[in-house]
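Got chain C; can you put chain W on it based on the hints?
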Amino acid sequence: SQQGEEDPQALSIQEGENATMNCSYKTSINNLQWYRQNSGRGLVHLILIRSNEREKHSGRLRVTLDTSKKSSSLLITASRAADTASYFCATGIKTSYDKVIFGPGTSLSVIP
Amino acid sequence: DTGVSQNPRHKITKRGQNVTFRCDPISEHNRLYWYRQTLGQGPEFLTYFQNEAQLEKSRLLSDRFSAERPKGSFSTLEIQRTEQGDSAMYLCASSLSSLQGSEQFFGPGTRLTVL
Chain C
1 SQQGEEDPQA LSIQEGENAT MNCSYKTSIN NLQWYRQNSG RGLVHLILIR
51 SNEREKHSGR LRVTLDTSKK SSSLLITASR AADTASYFCA TGIKTSYDKV
101 IFGPGTSLSV IP
Chain W
113 DTGVSQNPRH KITKRGQNVT FRCDPISEHN RLYWYRQTLG QGPEFLTYFQ
163 NEAQLEKSRL LSDRFSAERP KGSFSTLEIQ RTEQGDSAMY LCASSLSSLQ
213 GSEQFFGPGT RLTVL
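One line per chain: the protein sequences are C and W, in this order. Under the working numbering, the residues of the first sequence are numbered 1 to 112, in order. Under the working numbering, the residues of the second sequence are numbered 113 to 227, in order.
This is chain C alone, in the form it adopts within the complex (with noise of 0.2 Å):
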């Protein structure tokens, strides 16, 4: 079973307006990552917030984490069409150091 969920599962916007994705998980965790995948290509890491860390950011991007709630989001401000892909949360397990579990997915298409 998966470890992590994305929220929503696919996200319309305009050029421009920001975007927020979420992500809920189960169990205790080391970090957790965000990557992004364009259709048809492979997976791009874009940042890891570590479980001591409540947020990141990287350029656009801001990632939060509150691990109480067991939840993170991830925040891309102004949007741009080249944004449009799916991202996945990626989960960092506790008791294994590097190895992560991936949730579904948010497809995010930006509008022009």
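Possibly wrong hints are sitting among the right ones.
Derived DSS-like pairs (lysine-lysine); straight-line CA-CA distance at most 30 Å [what the hints assert, rightly or not]:
1. C:Lys-94 x W:Lys-123
2. C:Lys-94 x C:Lys-70
3. C:Lys-99 x C:Lys-70
4. C:Lys-99 x C:Lys-56
5. C:Lys-69 x C:Lys-99
6. C:Lys-26 x C:Lys-99
7. C:Lys-70 x C:Lys-56
8. W:Lys-126 x C:Lys-70
9. W:Lys-183 x C:Lys-94
10. W:Lys-169 x C:Lys-94
11. C:Lys-70 x C:Lys-26
12. C:Lys-94 x C:Lys-69
13. C:Lys-56 x C:Lys-69
14. C:Lys-94 x C:Lys-26
15. W:Lys-123 x C:Lys-99
16. W:Lys-169 x C:Lys-26
17. C:Lys-70 x W:Lys-169
18. C:Lys-69 x C:Lys-26
19. W:Lys-183 x W:Lys-169
20. C:Lys-56 x C:Lys-26
21. W:Lys-169 x W:Lys-126
Have a look at the derived ranges for each label pair, beta carbon to beta carbon [claimed, not checked]:
22. W:Glu-215 x C:Thr-27: 18 to 28 Å
23. C:Asp-7 x W:Leu-151: 15 to 25 Å
24. C:Asp-7 x W:Gly-128: 36 to 46 Å
25. C:Ser-51 x W:Gln-166: 23 to 33 Å
26. C:Ile-111 x W:Ala-165: 44 to 54 Å
27. C:Gln-14 x W:Ala-165: 44 to 54 Å
28. W:Leu-208 x C:Arg-54: 19 to 29 Å
29. C:Thr-20 x W:Arg-176: 34 to 44 Å
30. C:Lys-56 x W:Ile-124: 39 to 49 Å
Derived list of chain W stretches under chain C, where covered just means 3 residues or more per stretch with a C-beta under 8 Å from a C-beta of chain C [to be verified]:
31. 122-136
32. 183-195
33. 213-220
Just so you know, these hints were derived from the structure itself, not from any lab. As the structure is a computational prediction, the values presented were derived from the model and not from experiment. Don't be surprised by glycine CBs; every beta carbon is placed ideally from N, CA and C.
Chain W only, in chain C's frame:
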């Protein structure tokens, strides 16, 4: 190009045949992972290695699946007696091990179609 490479990129086979995929990780990475991804789903963990040692294999993985990383460099994933349900994209990733987790670098994948 020093990224993760996978061969072949596409494989079409008949049910019951054996297939083998190869993954070449980033050279200095000691961790290597195999995942399976079907349409509309996230990658599903199959197995992973630290150097040549196989650390874990998914309990969901049939005995028809076997993976090796004989010299701690490239890895192969073999599926014996393929079934139509094995049709999927098989992804390989590599990373440097870290106590607090590390970024995984993914290859382009091998798309398997079982007829």
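Against the structure, the hints come out as follows:
1. Pair hint C:Lys-94 plus W:Lys-123 does not hold up; C-alpha atoms about 36 Å apart against a cutoff of 30 Å.
2. Note on C:Lys-94 and C:Lys-70: the hinted pairing holds, with a Cα-Cα distance of about 13 Å set against a maximum of 30 Å.
3. A hinted pair counts as satisfied when its Cα atoms are at most 30 Å apart, and C:Lys-99 with C:Lys-70 qualifies at roughly 18 Å.
4. About 21 Å separates the Cα atoms of C:Lys-99 and C:Lys-56, which keeps this hinted pair within 30 Å; it holds.
5. About 22 Å separates the Cα atoms of C:Lys-69 and C:Lys-99, which keeps this hinted pair within 30 Å; it holds.
6. A C-alpha spacing of about 15 Å is found between C:Lys-26 and C:Lys-99, which places the hinted pair at or below 30 Å, so the restraint holds.
7. Taking the CA atoms of C:Lys-70 and C:Lys-56, the gap is near 16 Å; set against the 30 Å cutoff, the hint holds.
8. Distance check on the hinted pair: W:Lys-126 and C:Lys-70 sit about 44 Å apart at the alpha-carbon level, beyond 30 Å; violated.
9. With a CA separation close to 28 Å, the supplied pair W:Lys-183 and C:Lys-94 stays within the 30 Å bound.
10. With a C-alpha separation of about 17 Å, the suggested pair W:Lys-169 and C:Lys-94 falls inside the 30 Å cut-off, and the hint holds.
11. Between C:Lys-70 and C:Lys-26 the alpha-carbon distance is near 7 Å, which keeps this suggested pair within the 30 Å criterion.
12. The suggested pairing of C:Lys-94 with C:Lys-69 holds, with an alpha-carbon distance near 16 Å, which does not exceed 30 Å.
13. For a cut-off of 30 Å, the pair hint linking C:Lys-56 to C:Lys-69 stands: about 17 Å separates their Cα positions.
14. Of the pairs offered as hints, the one joining C:Lys-94 and C:Lys-26 holds, with about 12 Å between alpha carbons and a cut-off of 30 Å not exceeded.
15. For the hint linking W:Lys-123 to C:Lys-99, the alpha-carbon distance of about 27 Å falls within 30 Å, and the restraint holds.
16. Between W:Lys-169 and C:Lys-26 the CA atoms are separated by roughly 21 Å; this keeps the pair inside 30 Å, and the hint holds.
17. Pair hint C:Lys-70 plus W:Lys-169 holds up; C-alpha atoms about 26 Å apart against a cutoff of 30 Å.
18. Among the hinted pairs, C:Lys-69 with C:Lys-26 is consistent with the structure: their alpha-carbon atoms are about 10 Å apart, no more than 30 Å.
19. For the hint linking W:Lys-183 to W:Lys-169, the alpha-carbon distance of about 19 Å falls within 30 Å, and the restraint holds.
20. Between C:Lys-56 and C:Lys-26 the CA atoms are separated by roughly 21 Å; this keeps the pair inside 30 Å, and the hint holds.
21. With a C-alpha separation of about 26 Å, the suggested pair W:Lys-169 and W:Lys-126 falls inside the 30 Å cut-off, and the hint holds.
22. Between W:Glu-215 and C:Thr-27, the C-beta spacing of about 21 Å keeps the proposed range 18 to 28 Å intact.
23. The supplied range of 15 to 25 Å is met by C:Asp-7 and W:Leu-151, whose beta-carbon atoms lie about 20 Å from each other.
24. Restraint check, C:Asp-7 to W:Gly-128: a C-beta distance of roughly 41 Å satisfies the suggested window 36 to 46 Å.
25. For C:Ser-51 and W:Gln-166, the hinted distance range of 23 to 33 Å is satisfied, since their beta carbons lie about 26 Å from each other.
26. Hint check: C:Ile-111 to W:Ala-165, Cβ distance near 48 Å, so the stated range 44 to 54 Å holds.
27. Against the hinted window of 44 to 54 Å, the Cβ-Cβ separation of C:Gln-14 and W:Ala-165 comes to about 50 Å, which satisfies the hint.
28. With their beta carbons about 25 Å apart, W:Leu-208 and C:Arg-54 fall inside the hinted range of 19 to 29 Å.
29. Separated by about 41 Å at the C-beta atoms, C:Thr-20 and W:Arg-176 satisfy the suggested range of 34 to 44 Å.
30. The hinted range of 39 to 49 Å is satisfied by C:Lys-56 and W:Ile-124, whose Cβ atoms lie roughly 42 Å apart.
31. By the rule of at least three residues with a Cβ nearer than 8 Å to a Cβ of chain C, the coverage given for the stretch 122-136 of chain W is violated, with 0 such residues.
32. Restraint check on the stretch 183-195 of chain W versus chain C: 0 residues with Cβ-Cβ distances below 8 Å, three needed, restraint violated.
33. With 8 residues carrying a beta carbon less than 8 Å from a beta carbon of chain C, the stretch 213-220 of chain W meets the three-residue requirement, and the given coverage holds.
Consistency note: the structure conflicts with the earlier hints numbered 1, 8, 31 and 32.
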